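Starting from the given sequences, assemble the full structure and let the hints guide the process.
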Amino acid sequence: MEIANKTILSERQKIDIIDTSIITLLDLRIRAVGEIGRIKRIKNIPILDKSREEQIIKKIDSTSTNSNLIIPIFHEIMNQSKKLQNQEKWKSA
1 MEIANKTILS
11 ERQKIDIIDT
21 SIITLLDLRI
31 RAVGEIGRIK
41 RIKNIPILDK
51 SREEQIIKKI
61 DSTSTNSNLI
71 IPIFHEIMNQ
81 SKKLQNQEKW
91 KSA
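Using my numbering, read the sequence shown as starting at 1 and increasing by one per residue.
Careful, some of the hints might be misleading.
Here are the computed lysine-lysine pairs in the DSS-like style, where the Cα-Cα straight-line distance is at most 25 Å [stated by the list, open to error]:
(1) K40 to K6
(2) K82 to K40
(3) K14 to K43
(4) K50 to K83
(5) K82 to K58
(6) K58 to K83
(7) K40 to K14
(8) K59 to K40
(9) K58 to K40
(10) K43 to K83
(11) K82 to K59
(12) K82 to K50
Cβ pair distances, simulated, as ranges [as the list claims (entries may be wrong)]:
(13) N44 to D16: 41 to 51 Å
(14) Q55 to T24: 22 to 32 Å
(15) G34 to S10: 13 to 23 Å
(16) T20 to K83: 20 to 30 Å
(17) S10 to I39: 28 to 38 Å
(18) L25 to E53: 12 to 22 Å
(19) R12 to E53: 28 to 38 Å
(20) D16 to I73: 33 to 43 Å
(21) S10 to R31: 27 to 37 Å
(22) S51 to E11: 36 to 46 Å
(23) T24 to E54: 19 to 29 Å
(24) G34 to I57: 17 to 27 Å
(25) E54 to N5: 36 to 46 Å
The hints are simulated quantities; they were obtained by calculation from the structure and are not laboratory data.
This structure is a prediction, so every number in the text was calculated from the model and none was measured.
Where a beta carbon is used, it is the ideal one built from N, C-alpha and C, also for glycine.
Here it is in structure tokens:
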């Protein structure tokens, strides 16, 4: 196997490990989002919290050297989180 192929394989193995961590963390986030949705329903608090979303984006922008790539990913994560909270609301209705 050429050196380039070995390097690619090695980097892909790193990515696989990172992906496993991301999946685990997203699962934890989803559980927390569901719990927040449950509390919001009990307390009659709106699902959308624009200031919280802005806070998350600002945090990414100030801490990541790749914020231009990460912010769109977090927009999708937040969109899916709102969908989950809305679905949970419908399930309990």
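Structure-based check of each hint:
1. Distance check on the hinted pair: K40 and K6 sit about 50 Å apart at the alpha-carbon level, beyond 25 Å; violated.
2. A C-alpha spacing of about 12 Å is found between K82 and K40, which places the hinted pair at or below 25 Å, so the restraint holds.
3. Restraint check for K14 and K43: not satisfied, since their Cα atoms lie roughly 43 Å apart, outside the 25 Å limit.
4. The straight-line distance between the Cα atoms of K50 and K83 is roughly 15 Å, inside the 25 Å bound, and the hint therefore holds.
5. Proximity of K82 to K58 is assessed by CA-CA distance (about 19 Å); at most 25 Å being required, the pair is judged to hold.
6. For the proposed pair K58 and K83, the alpha carbon gap of about 22 Å is at most 25 Å, so the pair holds.
7. Between K40 and K14 the CA atoms are separated by roughly 38 Å; this puts the pair beyond 25 Å, and the hint is violated.
8. For a cut-off of 25 Å, the pair hint linking K59 to K40 stands: about 24 Å separates their Cα positions.
9. Proximity of K58 to K40 is assessed by CA-CA distance (about 24 Å); at most 25 Å being required, the pair is judged to hold.
10. Of the supplied pair hints, the one linking K43 and K83 holds, its CA atoms being roughly 19 Å apart against a limit of 25 Å.
11. In summary, the hint linking K82 to K59 is supported, as the alpha carbons are separated by about 19 Å, within the 25 Å threshold.
12. Using a Cα cut-off of 25 Å, the hinted pair K82 and K50 holds, with the two alpha carbons roughly 11 Å apart.
13. For N44 and D16, the Cβ-Cβ distance of about 44 Å falls inside the hinted range of 41 to 51 Å, so the restraint holds.
14. In this structure the supplied range 22 to 32 Å holds for Q55 paired with T24, their Cβ-Cβ distance being about 24 Å.
15. For the pair G34 and S10, the supplied restraint of 13 to 23 Å is violated, since their beta-carbon distance comes to about 37 Å.
16. For the hinted restraint 20 to 30 Å between T20 and K83, the CB-CB distance of approximately 24 Å keeps it satisfied.
17. Checked against the hint of 28 to 38 Å, the pair S10 and I39 fails, with Cβ atoms roughly 44 Å apart.
18. Our hint of 12 to 22 Å for L25 and E53 holds, since their Cβ atoms are close to 19 Å apart.
19. The hinted range of 28 to 38 Å is satisfied by R12 and E53, whose Cβ atoms lie roughly 33 Å apart.
20. Checking the proposed 33 to 43 Å range against D16 and I73 shows it is violated: the Cβ atoms sit about 18 Å from each other.
21. Here the CB-CB span from S10 to R31 is close to 33 Å, well matched to the stated 27 to 37 Å.
22. Under the hint 36 to 46 Å, the C-beta atoms of S51 and E11, about 39 Å apart, fit the expected range.
23. With their beta carbons about 27 Å apart, T24 and E54 fall inside the hinted range of 19 to 29 Å.
24. Look at G34 against I57: about 22 Å separates their beta carbons, and that is inside 17 to 27 Å.
25. Evaluation of the 36 to 46 Å hint for E54 and N5 yields a pass: the beta carbon distance comes to about 44 Å.
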